[in-house]
Each structure stands twice: as C-alpha cells, then as structure tokens.
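S.K.: The chain contents come next:
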Amino acid sequence: MKTKKIFILSAAVIIFTLLSGCSAAAMGSDSWPGLSADAETAYIANGGLVYAINLKNGGVNWQYPADKADAKEAYFADPVLTEDEQLILASAGPDHSLISVNPASGHLNWSFGDAEGVWVGSPLVIGETIYAPNADGKIYALDIKGSFLWAKHISDNALWAQPVSDGEYLYITSLDHHVYAFDIARKEIAWEIGLNGAIPGQATLDENGVLYVGALDSTITAIDSQSQKILWSTSLNGWVWDSAVVEDNILYVGDLEGYVYALDTEDGSLLWTPAQPNGPITGSPLVTENLIIIGTEGGSAYAFDKDGGSIWQQNINGKLYTNPVLGGELILFTPMENESDIVLVALDLDGRQVWSFTPEK
Amino acid sequence: MWDTYLIIPMTNVLLFVYDFIGHNFGIAIILFTILIRAITWPLTAQQLKGTQGMQELQKDKEWLGIQKKYKTDKEKLAQEQMRIYKERGINPFGSCLPTLIQFPVIIGLYRAIITSLAATPLSLLNLSRNLYPFLDVAKIIPLNSQFLWMDLGRPESIDIFGFAFPSLAVIVVITSYIQSKLMTPPSNPGDQSAAMGNMMAVYMPFLMGYFAMTFASGLALYFITSNLLGIAQYAMMGRANWSNLIPGRK
Numbered sequence: 001m002k003t004k005k006i007f008i009l010s011a012a013v014i015i016f017t018l019l020s021g022c023s024a025a026a027m028g029s030d031s032w033p034g035l036s037a038d039a040e041t042a043y044i045a046n047g048g049l050v051y052a053i054n055l056k057n058g059g060v061n062w063q064y065p066a067d068k069a070d071a072k073e074a075y076f077a078d079p080v081l082t083e084d085e086q087l088i089l090a091s092a093g094p095d096h097s098l099i100s101v102n103p104a105s106g107h108l109n110w111s112f113g114d115a116e117g118v119w120v121g122s123p124l125v126i127g128e129t130i131y132a133p134n135a136d137g138k139i140y141a142l143d144i145k146g147s148f149l150w151a152k153h154i155s156d157n158a159l160w161a162q163p164v165s166d167g168e169y170l171y172i173t174s175l176d177h178h179v180y181a182f183d184i185a186r187k188e189i190a191w192e193i194g195l196n197g198a199i200p201g202q203a204t205l206d207e208n209g210v211l212y213v214g215a216l217d218s219t220i221t222a223i224d225s226q227s228q229k230i231l232w233s234t235s236l237n238g239w240v241w242d243s244a245v246v247e248d249n250i251l252y253v254g255d256l257e258g259y260v261y262a263l264d265t266e267d268g269s270l271l272w273t274p275a276q277p278n279g280p281i282t283g284s285p286l287v288t289e290n291l292i293i294i295g296t297e298g299g300s301a302y303a304f305d306k307d308g309g310s311i312w313q314q315n316i317n318g319k320l321y322t323n324p325v326l327g328g329e330l331i332l333f334t335p336m337e338n339e340s341d342i343v344l345v346a347l348d349l350d351g352r353q354v355w356s357f358t359p360e361k
Numbered sequence: 001m002w003d004t005y006l007i008i009p010m011t012n013v014l015l016f017v018y019d020f021i022g023h024n025f026g027i028a029i030i031l032f033t034i035l036i037r038a039i040t041w042p043l044t045a046q047q048l049k050g051t052q053g054m055q056e057l058q059k060d061k062e063w064l065g066i067q068k069k070y071k072t073d074k075e076k077l078a079q080e081q082m083r084i085y086k087e088r089g090i091n092p093f094g095s096c097l098p099t100l101i102q103f104p105v106i107i108g109l110y111r112a113i114i115t116s117l118a119a120t121p122l123s124l125l126n127l128s129r130n131l132y133p134f135l136d137v138a139k140i141i142p143l144n145s146q147f148l149w150m151d152l153g154r155p156e157s158i159d160i161f162g163f164a165f166p167s168l169a170v171i172v173v174i175t176s177y178i179q180s181k182l183m184t185p186p187s188n189p190g191d192q193s194a195a196m197g198n199m200m201a202v203y204m205p206f207l208m209g210y211f212a213m214t215f216a217s218g219l220a221l222y223f224i225t226s227n228l229l230g231i232a233q234y235a236m237m238g239r240a241n242w243s244n245l246i247p248g249r250k
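Line order of the protein sequences matches chains E and B.
Just so you know, we're using the numbering used here here: the first sequence kicks off at 1 and counts up by one.
Just so you know, we're using the numbering used here here: the second sequence kicks off at 1 and counts up by one.
Be careful, since some hints might not be right.
In silico DSSO-like cross-links for lysine-lysine, where the CA-CA straight-line distance does not exceed 30 angstroms [what the hints assert, rightly or not]: (1) 86/B <-> 138/E; (2) 139/B <-> 152/E; (3) 229/E <-> 139/B; (4) 187/E <-> 229/E; (5) 69/B <-> 59/B.
These are calculated hints, taken from the structure and not from any lab test.
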C-alpha cells in the first residue's frame, strides 16, 4: 500500500514536470523570428532577444536586452522602424509588452504593457500614431511616445497580422475568417467581409484600392475596398499563410503545398505554371527589380525571373519561415532549427552567401 | 511515439467533438472527459473491487494468521499472500490501473488543449500537419477558447475586490477531496494503510488544485468533470461511503 502511494506521488511529480514543459507553448512563446532591415542594419526579433546586425560584416551592433533574455518576453513580430527613428518591438511572451528602442543603441525608449493578449503581428505606424493588432482581438492605438490613446474591439478571435492602410481606413485581417475596414477617424468598423478560412497573414493593398487576401481555405481573394465587393477568388493548391506581393499588375504568392504563383490582378488567372521548389512556403515573396525570391521550409532560397524561370537556388541550413528581406544589396533570411544555431544569413543578389550570424551562447 | 500514439489522436478526437457539437471547446472537453470515463469504466469498477477486496483481507483470519506465522520469512509470506490473492480472485495491482491510466490522459489532454488552441503561427502550422483528413481544418480554425468566463488556454481566476481568486482550482480541490473520501472504505483504528489513505485524500486534492491553478483552465475543467463523474459512478455502484464526508467519522 505504501509503495502504491509513493508511486502515485512520484507520478504526480513527473506529470507536473511534463506539464510545465508544455506551458511555455500554452502561453504562446514559441514561433519563428521577425526580421526587418534598412540600408545598413538588420533587426532580428528572435524570442527573448532582439539583435541589430551590421550588414557590412554580420557583426552585432547591439542586442536587447543588453545582458540576457527576458524569460517573460518573446519577440517574434517583424520589428518596425519609424520615421522618427524608433524601433518598435512586439512581444508574444507572458508579459506581452510593446516596446520602443533606439535603433542606433538598443536603449529602451518606452514600454506599453496594458494589452490583454499577446502581440503576434507588427504594429502599423501612420504619422504620429501606432496601430497595434493584438491576439485579444483588439486594435490598440498609442501615440508615437508610447502613451495609450484607445483600444477597439475588432474580433472575438486573434489579430495576427499587421494592418494595411490607405490613410482613411485600417484593413485588418483576422483568424475569424474576416477582413475588417476600420474607419480611423470614427474609430469604428466601417465594413467587413467574411471569407471561408482563417487569415493569419496581412492583406495586400494596391494603388487602385484593391485588397488581396490569402486564407487557410487555400484561396486568394481580391476585394474592392471602394465597393466592398469580392472581385474574384482563385483556388490554390495549399493554405496561403502570408501576404501576396503586387507589382506591375501581377500578384506573387506562395502556399503551404510549396507552390509559387503569379496571378493577373485583373481576374486572378495564372500567368505561368506554378513553380514548385523544395517545401512549404510561409513567407511572402521578396520582389526585386528582376527577381522573385522565396524561402522554403525545406531550407532553400530560390530566385525566379518574372516569367517563372529559375535563376538560382541556394541551400541554407534550417527552415525558412520568415519573409526574406532586402537590406542594402543583400537578401536576408532567418533560418530556424539548424544545427549551427545560425539566425541570419545574407546572400548577394546572385544567391551567393556573404555572411551568416550566430548568436553567442 | 508519444505524439503519434497519444497527443495527436487525442487532439483529433477533441477537435472532432468540437466540430460535431458546434464549436464550443468547453463542452468538447466535458464530452471528451465523459468518453474517457466511459472507456475506463471497467477499470474503475475493477479498482473499487480491488480496494474493497484488499480491505476485507485486512480483517480475514487466514490473512492475519499468515502475517503472524511468516513475519520473519518475507519470501514465504509473499508466496502465501499471492496464493490467497489467487484463491479470492483479487488483483493487488488492480486498484493502481485506473490511476495509471489517468496520468497519460492528463498529460495527453493538456497537450491536446494547447496544441488545438495554437497560440502562435508556429503552433498553428504544426497543428495543420497533425490533423486527420476527416477534419475540415480550414473551417475549424481558429478554435473558440472561451467557455463561460474562462479562456480555456490560460489559467483561470475571477477578480474579487482586486484579488485574482482561482475559483476553478478551488472547485477541483473540493471535488477531488469528496471523491477521495467517498472511495475510502471504513477502516479500523490503528489501520496504517487507512491512515495513509486519509493523508493522500488530503494531499492529492491540493496537488490537483495546484495543477488547476497553474496550467490551462481546460485541464481544470477536465478534473472537475472527471471528479463529478467519478462520484456519480461510485454512487451508482453503491460503493460511495458518504459517512466519510461527515467530520469526525471514520
């Protein structure tokens, strides 16, 4: 009998340990890195630490926090550079702070910690106002110095993507399958359109006021923001995770089945046979003057020309979930789960690796 | 292996129930718990039978006789005890089995809850890879984690005068205590195993309450449902020892 009780107590301790091991995931503190860059510096939000990397040599300019990672913060949203030289960082950790640091020094400017949920998507800065979507389903407005202005409920489900705006409306996508047009002046939802799948990524807004929205029902849909009508919807092979990119009336997008598409923005028709690199595509394509560049979960970077022809391929050790970013003349990728613990790889425009960055342990 | 044979099947069953009943995750957890209880019903019945059989043995003359006769010969004592177990049809480990089953269920359910709720893009991506084809994932996602006043993916508390009161954890402690007490058969004074049982009846509810307070409230909902079903099951089988709930009575 005594042995049985000891056994039960021991098992309870084991359960506690196992459950504790899962609790970090429950609190939403694990995802892929966020990345942004200007002409000289790349900024990587990689969980508990954010790095500013010198694009010339891959060296660290600074890290935030300067000494060690804060276990209660998890920065994964793409850092946002503002015109008045702030770097806004959003945390999905238990403390879920929205903070501003000096992009030159990494010193903290201000911190906002009053949101109810975590920050998965990046905030959008328009003029003197920061609009931040939260997993609690609200959009928060702060002034550029981090003072709270207002918060409005948008959805009962999480908002994971950075809004886009034409200056009059914020266009907000939600996991609740809806696209919302939020009137900035009136601080209320002007209209909404329901689609057939959750929308984890950002909408894309073109110069004609057309929104392009990819969803987890494997479709991409064009919505006229003026008439609030769906113009067309095209079925793809897999879930569309992040936003499409529009250039010269062509829509470039990847899906989780690992296809890259070029669609005519007029009617959503395919312009060339979808290319199929070596794995699922979660990030938006990077479109340069001549190239369409994507990264795959299979760990390769691919460049296509505007007709879908393959230009180059570069194997990068690790899963490439984050959008590739152009920093100066370099193409930046943030690999995950690689043996060398590399968190940033820089390629030149011909696909040759220039340098990589591995944080010190 | 752990994921393939426990977490993923439990996640899929949970999501199937969620989809079937109209997208209420709280009700899905309650129905899932009923399902688990129904599957383990024979084991619980065996546990009760085993516990009662063991208790009766403590008063049995033959049993007491061999304890006395072979108190210096442990090997012989073990042989004789096994013989009596066999003759009376008692499985001495039968009462452990439902407890053993509970542990992987608790871990599996907890993992299934947090996997299903997919709080980050990476967790949602991983969820999409682990769902069976019969689920229409595009329609199910995102899961509605709200149930009554709770977010089932987070620890629960109610704000009372600025104090975060963990109401579900308190209910877990109370229902676990009641269940433990109802399961404990009447004992004789000086019965060491009964004394230890009484101690466990106090400590285990607090341990479960601590789990409920610390982890996702969906787990607390499972504990409460499971405890209430356990109490109902003992009552239906006529084995509930209600007198144990009265203070001062053994």
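S.K.: So, against the hints stated earlier in the document, which numbers end up violated here?
M.R.: Hint 1 contradicted; others consistent.
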